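Chains as they are written, first to last, in our numbering: chain A, 1 to 540; chain B, 541 to 878; chain C, 879 to 1179.
By construction, these hints were calculated from the structure, which means they are not laboratory data. It should be emphasised that the depicted structure is a prediction, and the values quoted were computed from it without experimental measurement. Backbone N, C-alpha and C fix where the C-beta goes; we use that ideal spot for every residue, glycine too. Be careful, since some hints might not be right.
[What the hints assert, rightly or not] Restraint ranges, calculated between C-beta atoms of paired labels, are given here: (1) A:E240 - B:V855: 51 to 57 Å; (2) C:D1168 - B:K548: 33 to 39 Å; (3) A:K219 - B:R731: 48 to 54 Å; (4) A:K42 - B:K548: 54 to 60 Å; (5) B:H552 - A:F195: 52 to 58 Å; (6) A:N208 - B:N608: 23 to 29 Å; (7) B:V855 - A:G238: 39 to 45 Å; (8) B:I633 - A:Q191: 54 to 60 Å; (9) A:N118 - B:N608: 56 to 62 Å; (10) B:R731 - A:N208: 43 to 49 Å; (11) C:V990 - A:K219: 39 to 45 Å.
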Amino acid sequence: MGRFGRGFLVVLLVLVLTLLVGCGQEEVTEEEQQGEGTKSEKVVFTYLEGQVIGTIDPAKHVDESSLHAVINLYDPLLFPKIEEGSMEPGPHVARDWEVSPDGKTYTFYLRDDIKFHNGDLLTAEDVKFSMDRNLALKKGFSWLWQGVVKETEVIDEHTVAFHLEQPYAPFLSTLIQLFIVNKDEVLAQKQDGEFGEFGDYGQAYLENNEVGSGPYKMKSWNRGSEFVFEKFEDYWKGWEPGQIDEVHYKIVLEEATKKTMLKSGEADMADQWMSIESFEELEKTPGVVVDKAPSVQLFHLPIHTQKPPTDNIHVRRAIAWAFDYETANEIMGGVQAQGPVPNLAWGHKDDVFVFHRDLDKARQELAESGYKPGEIKLQYVYASSVPVERKIGLLLKSNLEEIGIEVEIIPEPWARMTEMAASKETTPHFMAIYDTLKYPHADSHTYGLYHPDSHGSYRSTAWLDVPEITQTLEAARRAVDPAEQLELYKKVQELVVEQVPSIYVTNPMHRIAYRDYVEGYTFVGLLGYDLWFPSFRINK
Amino acid sequence: MTRDYLIKRLLHVIPVLLGLSILIFVISRVMPGDPVRLALGPEATKEQIEQLRQEMGLDQPLHLQYVNYVKGVAHGNLGQSLRTHRDVSKDLIERFPATLELTAVAMVFAVLLGVPLGVRAAIRQDKAEDQVSRLIALSGVALPRFWLGILLQLVFAYYLGLLPTIDRAASPPEHITGLYLLDSVLTWNWRAFWDSLVHIALPAFTLSLATLAQIMRLTRASMIDQMRQDYVMAARTYGLPEGLITYKYMLKNAFTSTLTIIGLTYGFLLGNAFLVETVFSWPGMAQYGVQAVIYKDFNAVVAVTMVIGTAYVLVNLVIDMLYGYLDPRVKYGGEQTL
Amino acid sequence: MRVQAEDRVTSKWPEVMEDWKRAWYRLRRSTVSLIGLGIVIGLILMAIFAPFLAPYPEDAGSVVKFKEAHLPPGQAHWFGTDEVGRDILSRVIYGSRISLVLGFAVLTLALVVGVPLGLIAGYWGGRVNTVIMRLTDIFLAIPPTVLALAVSSALAPNLTNSMIAVSFGWWPWFTRLVQGEVLSVKEEQFVEASRSLGASRFRIIFKDILPNVLSPIIVKATLDMGFVILIGASLSFLGLGAQPPTPAWGTMIAEGRIYLPESWWVATFPGLAIFVTVLGFNLLGDGLRDVFDVDLDRWSG
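Just chain A, same shape as in the assembly:
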């Protein structure tokens, strides 16, 4: 044994000692960071998200993580009245507005005290530029205004007017998605492109930089793992003690890790996409709060209406009759969806036709379709980071096996799913999609899903193109009289449901978990707006 054995023991002892000492030290380190020490009082907030931030360009953002970034880096023209618990648009960049009697001109009076991160003052020029840019690039939420906004006019330094082609019912609601960029800075950074004097409209620059006026600035961005936001001191709304100075927006793909970090306090909040089991577990954990609220979210399985064999309406009906909605709702902990518009959204038609499980009807429809049991093989694609979608896939597979349709379930990263949605050929027969209300109007889940303008995004993977529906949608948008609007939107829902472009599964309860010292979390139903960092107060 001799020399060696002793030496080994000594090393082991030293390691154990350092470990013990280190544990104590580690606590001190974390406390230091979280502002209890005298060294730094910076309030740091760590949020875990399973989806990589795709883009921070406010003319291109569509999904949740991108929205989180854009909402905090930029200011929209109008802002939902979250503090009042409502989705209704209220003043933000625009402090007041007027609508012309014919419904075609909206004039906005802007605040004069908003500064961009680089010090420039926000003016009407910037608002016009932002709208024009959106319309030119034709990405993100631009479909809200395509064919709607005819011209944007700068009346004076702080007044801007939008001239619409026709009256457009949801116009005000949509403006919560118009984020204002700094025109001068974008043009200073423009590169060669196809937009004439505007070059590439600053796309290359805005891919990796931000030119906003929002409450937070970009401190650093490691695309695969973390985005760090830091407080913009000169934010026009001002700051109060307890608000967050720095946000570490971390990308964590594994649910087990999210849970562990939340429990240990390494993270302050995690995203809403965890499994029900995880939320139930977190509810029982001391120090962790799970906020539950009925959501205006639709979870559904859009069916590709232009790809055989699901282009055959009898096949789609067969699928709709075979699915076990009850069990699905139990698994997801929600309320069965009634058509595409979430039950709580304005304009929802309460008595729209709803399917229930009836295998006989399913087999009948299949017989009428001309396909025999065993002939059909379909693909179901779901997000690998959302485990409950796998369960639904297994349920679907099991249900459809009973009528002789085979389903292959395929996990993909969410980012790949949004790209599969881009073309008819690459979109699979089924996708598992959560669609949260984008703006508080039935239009969000009707036009946004079933008008050909929205084709190519993850929202409209059914590729529905029915002229009657398209026309009714356009008429509904043009309606000035609210009663007429309502009627038309209800009619659209009826028509859509008849086409069975989707299995409308549920309006799930919205759940999110965070540490109990985080105050101010309010969920009103709009995607991304619950993560507007200034709403939080950290109370340790």
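Go by the hints and put chains B and C onto chain A.
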């Protein structure tokens, strides 16, 4: 002598790397899906797609594509990542230090523990302790790395709360090399050193276990070999202390074969790094590689594979050289039967 | 004259058979190796008789029983149930089929490609040898896991493709093994003698070379089986191998991971299964190597 040997080995290495690059390149271009459409995003028009396809040279025959790629690499351009929309070279530079640090610490740990344990087992050959250690060694190799990582995370991070779950450090030291442990020491930042150490502990241990087991086994085997040699008996009869014989002479001689083993096991270490980095969300090149594979990001896949291949080949080259240097029989000519 | 010559080409097979008999006696004395053998045989039996051994054989497929989800290990379900109510024990048992099939398929593929190449390289020598050896160098230039990952990226994620991906990295070992053996045997006297007597190349390969090569191949294949299964499970864990609802062990661990620590059984038992399987093959392989006294390091490169 050694210079000739070095040149010979280098000449051997270069065609291998070239061949590897061709292999991987061909594999990557055979991928299903349309990389151009993926790169441009949902709103691309047919014209834009065709244009980019021409720009990226995807409309050209495979061998021309390869030539262009190699030309690009010579200028440091490894292509663009479809996933991060940035130059792959930039991504790799960002992520390389994390993996380097992890594998280095794991290797050091495996050697520091594996060699002494192997010596012990050799000394106590065939006794109960040896059989047990044999079992442990074989188990260490059999444990699925990702499973072990998950369990360790569970026990140490979750149940016991002793160690953090993921990440390299809660607040990293100033960036000099990108190796947190080294940077902390260089900037005399002991808090960051401890922070990084605590974060790297679990992943490094998980990664090192199999290698540790292998090194232990092989040290034992070569020590046993040595013990049978004549000089040992001679030394004993001369009355040299046991410890001296063990450490000064036998270990040194056994070390040469241990060295070869280190080269071999390094390969498995690298392979397992992919799994460990995924489980621990370690922001290294291996995790980047896994995501590239899942995402079918062909430029990234090729780049990561080539970097790993080059590293592996170079390490083995160095080991070979050291082997040749240490073993006088090889130093003075003669073919290496590899 | 020719009849006489062929008579004199004595096959090496009887000698080798004797070696094997002796090896078997020695193997029997090592407890550890016997444990390995027992595990391997047990595994093979489990895979073959899965439908009879599994208490809920239908759970290996896509049946869903949400009412029975997340049940802890108990009387009705020894290993508990998973997220959709399937019996984990049954799925683990069926998973042995997938692992063994993967292992055998990969090694068979590697052997079918590697051995002939090695024979050709060793026997024909010269340029052919150099080319083939360079080829093995290239494929061995990256660790097998990395190569498997890279190949996976070009293929759709499913079980068959993962088998192909793993075998890419395995055939070179066998080529080297065989080539080395061929080279050493080639020089030996009796081969010279046979050749000078006009015996065909084939004869020499089958009667002289192959018997010698067989034992190292068997030992290596057994040792490697564990590794191959491990890499296959790793690919499944990363989502590049068998897809749900296939009960591959790696896939099960990935699925069950999010339910830790509450439903710990979902990820733990498949991992245990992988561990035992790999251990079994390693123990057996280790024992075989000792017993055949084979020096594999010669060909490890």
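Could you tell me which of the hints above the structure violates, numbers in ascending order? 3, 7, 8, 9, 10 and 11
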